Structures are given as structure tokens and as C-alpha cells.
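Undergrad: If you want the building blocks of each chain, they are given just below.
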Amino acid sequence: KNQVEQSPQSLIILEGKNCTLQCNYTVSPFSNLRWYKQDTGRGPVSLTIMTFSENTKSNGRYTATLDADTKQSSLHITASQLSDSASYICVVSARGGYQKVTFGTGTKLQVIP
Amino acid sequence: DGGITQSPKYLFRKEGQNVTLSCEQNLNHDAMYWYRQDPGQGLRLIYYSQIVNDFQKGDIAEGYSVSREKKESFPLTVTSAQKNPTAFYLCASSIDSRSLDTQYFGPGTRLTVL
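Protein sequence lines correspond, in order, to chains A and B.
At position 8 of the first sequence (counting the first as 1) the number is 8 in our numbering, and the numbers step up by one without a gap.
Count along the second sequence starting at 1, add 1000, and that's the number in our numbering.
Just chain A, with the same shape it has in the complex (with noise of 0.2 angstroms):
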């Protein structure tokens, strides 16, 4: 069965401070990996995706990577902001279309200065 885990389930940091959240998946054949902010209330909001091949890949102040040998992605968060509260969300397709895509249950950051 394929799962996405990620981990840590909360995490609270300080305001200007880099984190780093994790996301470890068993989904196969892979085609791809992305990663989700979501804002409470909101829809999720693509931050970056990364093929097989690919193994960083950056959107301003984030940065994720992948190693598709161990099945594990990080996302790091360089100098955070207060608007980065959200919940973080790994997002895993395999081949074969939008109706193979397994959704890890998020990671809740929240930022406090």
C-alpha cells in the first residue's frame, strides 16, 4: 500500500529561525514529489515539485530535497516568518495520473516571534 509519513506532526519555532520537516514515502512506481502549504481555513498551495532525478530544488526561503534511493524528501525553511505558520503537507504521485497520488497527513508549524 502506499503511504507518505511525515514527521514531525507539530513543530513551534522562533521567528527567524531555520526548520527542517521530513517526509518518508513507499510509493511506487514514483513519478513525483511536491510539497504543500496550507494555510487553516485555506487550500494548499504548491511550493515545489521534484521528478526522480531531481534532488533539490528551491522556492525563495524554501528549500526541498529528495533522495529517491532512501524514499525521503526534507523541507527546509531558511530565516522564518510569522506568516509561515501552516501546515506543510508531502504530496507523492506514481505513474500513471492524478488518481495515483497519496497525500501525507502534514506537518503544523507555527512561528511565534
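Simulated from the structure, these hints should not be mistaken for lab results.
Keep in mind that a hint or two might mislead.
Straight-line alpha carbon distances no greater than 27 angstroms define the calculated DSS-like cross-link-like pairs of lysine-lysine that follow [what the hints assert, rightly or not]:
no.: 1; chain 1: A; residue 1: Lys108; chain 2: B; residue 2: Lys1009
no.: 2; chain 1: B; residue 1: Lys1014; chain 2: A; residue 2: Lys100
no.: 3; chain 1: B; residue 1: Lys1071; chain 2: B; residue 2: Lys1057
no.: 4; chain 1: B; residue 1: Lys1014; chain 2: B; residue 2: Lys1083
no.: 5; chain 1: B; residue 1: Lys1070; chain 2: A; residue 2: Lys100
Facing chain B, according to a computed beta carbon distance under 7 angstroms, are these residues of chain A, among others [stated by the list, open to error]:
no.: 6; residue: Arg42
no.: 7; residue: Pro44
no.: 8; residue: Ser46
no.: 9; residue: Ala68
no.: 10; residue: Gly104
no.: 11; residue: Thr105
Every value quoted in this text rests on a predicted model; they were computed, and no experiment measured them.
Ideal placement from N, C-alpha and C gives every residue a C-beta, glycine not left out.
Assemble the complex: chain A is given as a structure, and chain B must be docked to it using the hints.
TA: Showing chain B alone in chain A's frame:
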């Protein structure tokens, strides 16, 4: 929210009633999706549509129905057969259903059964 609108934002339903959630997109996307989000769980696919007048069941289609009469619209009906309908419902669209295409999500509808 990328040109996708959902209404209403909050919806209350009595047990035994059917309710319809609206989803409209102006992105000219062929593919549209409905997901359900529950606390502590990842999004789960209810239905998806790759083209007008065609739709497919997702992982948890029981108790739900959809239609795709127009490219822009993909309404979801939550029927009385859905045993636990209280949840946050998200609609999304993408250019087509290839997994490399970015999905754009609407703002969601929170449904509560009284």
C-alpha cells in the same frame, strides 16, 4: 487560490439531507478533482474528471455524486448515504490529469452535519 472558487465556505446539513457543493474554475483546465480532508488524515480523493461529461470514482466515492456538464464547473453532491459527511472539502483543477501538472486548489467548504 488560483482561479478556483468554492461555495459556500461553511455549510450545515441536517441528517438525511442531500447537499451540493459548488466548484468553479476559470483556468481553462481540463481536469478537476474533489478531495475530503479530515483531522489527522491526508487528503483523500472522492471523484475526478479528466474531461467534460466524464468522471471517475476516487478512493472514497461512496455516498457522493458529481457531474461535469461544463468545463468550468464540477459540483459535488453529498448524499444521505454518506455516513460521516462532516469534513473539509477541497476542489482542485489541473491542465490535465498527468501527475506532473500542478494542481490548483480552491479555498474549501467546511460541511457540518447537525
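Undergrad: Look at each hint and say if it fits the structure.
TA: Verification of the supplied hints:
1. A:Lys108 to B:Lys1009: Answer holds: A:Lys108 to B:Lys1009 is near 22 angstroms, not above 27 angstroms.
2. B:Lys1014 to A:Lys100: Distance ~33 angstroms between B:Lys1014 and A:Lys100 Cα, so the pair is violated.
3. B:Lys1071 to B:Lys1057: 18 angstroms, holds
4. B:Lys1014 to B:Lys1083: OK: B:Lys1014 and B:Lys1083 at ~12 angstroms, within 27 angstroms.
5. B:Lys1070 to A:Lys100: 25 angstroms, holds
6. Arg42: Holds. Min distance 6 angstroms.
7. Pro44: With a closest approach of 5 angstroms, the A:Pro44 hint holds.
8. Ser46: 5 angstroms, holds
9. Ala68: Violated: closest Cβ of chain B sits about 15 angstroms from A:Ala68, beyond 7 angstroms.
10. Gly104: 5 angstroms, holds
11. Thr105: Status holds, d = 5 angstroms.
In this structure, the earlier hints numbered 2 and 9 are contradicted, and the remaining ones agree with it.
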